[in-house]
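Please model the entire structure based on the sequences and the hints provided.
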Amino acid sequence: MTALNIRAPVPRRPALGRSDGEGSVQVHLDPSLDMGKAQVFAVYGKGGIGKSTTSSNLSVAFSKLGKRVLQIGCDPKHDSTFTLTKKLIPTVIDVLETVDFHSEELRIEDFVFEGTNGVMCVEAGGPPAGTGCGGYVVGQTVKLLKEHHLLEDTDVVLFDVLGDVVCGGFAAPLQHAERAIIVTANDFDSIFAMNRIVQAIKAKSKNYEVRVGGVIANRSAATDQIERFTDKVGLNILGRLPDLDAIRRSRLGKRTLFEMGDEPDVIAAQDEYLRLAQTMLDGTEPLVVDSLKDREIFDLLGFD
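Those letters in the sequence shown? Residues 1055 to 1358, per the numbering used here, in order.
Simulated from the structure, these hints should not be mistaken for lab results. Incorrect hints may have been included.
[As the list claims (entries may be wrong)] Using 30 Å as the maximum straight-line C-alpha spacing, the simulated BS3-like pairs for lysine-lysine come out as follows:
id	residue 1	residue 2
1	K1091	K1121
2	K1197	K1091
3	K1260	K1200
4	K1256	K1091
5	K1286	K1260
6	K1118	K1091
7	K1200	K1131
8	K1131	K1121
9	K1197	K1256
10	K1091	K1200
11	K1118	K1197
12	K1118	K1200
13	K1256	K1121
14	K1260	K1347
15	K1260	K1091
16	K1141	K1118
17	K1256	K1286
18	K1260	K1197
19	K1141	K1200
20	K1200	K1140
21	K1256	K1200
22	K1118	K1131
23	K1131	K1197
24	K1131	K1308
25	K1141	K1308
[Claimed, not checked] Label-pair restraints from in silico Cβ distances:
id	residue 1	residue 2	range
26	T1333	E1151	37 to 47 Å
27	R1302	A1276	12 to 22 Å
28	G1120	R1282	33 to 43 Å
29	E1158	G1120	32 to 42 Å
All residues carry an ideal CB built from backbone N, CA and C; glycine is no exception.
See the structure below:
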């Protein structure tokens, strides 16, 4: 891969010097690490809910709509881009360690890999268990992308973020994103995690431009519990994906859904991803959502 043409970035609003919430200890955004003119989305949701599968299929959908796409995995498991690249690619932290953290010694091909339909893939990785901060890892990843001019001609950047552990570090992608998209299923635990994520986005929105973009109902034939929560707090459902065995098989086969067969249910799911991608590109309404107290969620969903 070669360096892209440089164009002047559009600065985003930097942190204002106040905390994101009471008791907050946060990794703040370096104002120089803006994301240029790309549309930036951060995908969150309960661990195991299918964020990586959703993110990878969305990335391919964006690329099929003619966009240059960069997907950044933000999980120590570093399997966000697995179905795009057909392998576990080395993480940014892995490759930085090989050059004793002298980033100037790295080449683009050391940490950026081309995936399905030209999607650019990066795995940020994470610090060793129990040490360090995920926010540092995200910051180093964006810094590398800026140094190698990977963002100038990128249309869409998609952060796929570690589960429902919305600590200051793994909330760091919210400092770069315009919209946060929440993946959920129609069950109590997923919705409880979604409520926590809403709280994190609201905290970040005090100092950054990020807002909630909406919800993707995943692996869910019914959405009654999701709708009960979203109606209560003012969220909207952007997309609905059923629990398809083809999606499970695609991940086992190291493929995205767009590389599966032409069965009617697969085609329908592809169409839903393309529709969802176009909706996100067109711009979702910036939602300022009121989260619920834990007891309120139990009262709303837990005692039917």
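For each hint, the structure was consulted:
{"no.": "1", "hint": "K1091 to K1121", "in the structure": "holds (13 Å)"}
{"no.": "2", "hint": "K1197 to K1091", "in the structure": "holds (16 Å)"}
{"no.": "3", "hint": "K1260 to K1200", "in the structure": "holds (25 Å)"}
{"no.": "4", "hint": "K1256 to K1091", "in the structure": "holds (23 Å)"}
{"no.": "5", "hint": "K1286 to K1260", "in the structure": "holds (22 Å)"}
{"no.": "6", "hint": "K1118 to K1091", "in the structure": "holds (20 Å)"}
{"no.": "7", "hint": "K1200 to K1131", "in the structure": "holds (24 Å)"}
{"no.": "8", "hint": "K1131 to K1121", "in the structure": "holds (27 Å)"}
{"no.": "9", "hint": "K1197 to K1256", "in the structure": "holds (25 Å)"}
{"no.": "10", "hint": "K1091 to K1200", "in the structure": "holds (13 Å)"}
{"no.": "11", "hint": "K1118 to K1197", "in the structure": "holds (28 Å)"}
{"no.": "12", "hint": "K1118 to K1200", "in the structure": "holds (25 Å)"}
{"no.": "13", "hint": "K1256 to K1121", "in the structure": "holds (29 Å)"}
{"no.": "14", "hint": "K1260 to K1347", "in the structure": "holds (20 Å)"}
{"no.": "15", "hint": "K1260 to K1091", "in the structure": "holds (22 Å)"}
{"no.": "16", "hint": "K1141 to K1118", "in the structure": "holds (22 Å)"}
{"no.": "17", "hint": "K1256 to K1286", "in the structure": "holds (16 Å)"}
{"no.": "18", "hint": "K1260 to K1197", "in the structure": "holds (24 Å)"}
{"no.": "19", "hint": "K1141 to K1200", "in the structure": "holds (25 Å)"}
{"no.": "20", "hint": "K1200 to K1140", "in the structure": "holds (26 Å)"}
{"no.": "21", "hint": "K1256 to K1200", "in the structure": "holds (27 Å)"}
{"no.": "22", "hint": "K1118 to K1131", "in the structure": "holds (27 Å)"}
{"no.": "23", "hint": "K1131 to K1197", "in the structure": "holds (21 Å)"}
{"no.": "24", "hint": "K1131 to K1308", "in the structure": "holds (16 Å)"}
{"no.": "25", "hint": "K1141 to K1308", "in the structure": "holds (8 Å)"}
{"no.": "26", "hint": "T1333 to E1151: 37 to 47 Å", "in the structure": "holds (40 Å)"}
{"no.": "27", "hint": "R1302 to A1276: 12 to 22 Å", "in the structure": "holds (19 Å)"}
{"no.": "28", "hint": "G1120 to R1282: 33 to 43 Å", "in the structure": "holds (38 Å)"}
{"no.": "29", "hint": "E1158 to G1120: 32 to 42 Å", "in the structure": "holds (34 Å)"}
Hint compliance for this structure: no hint is broken.
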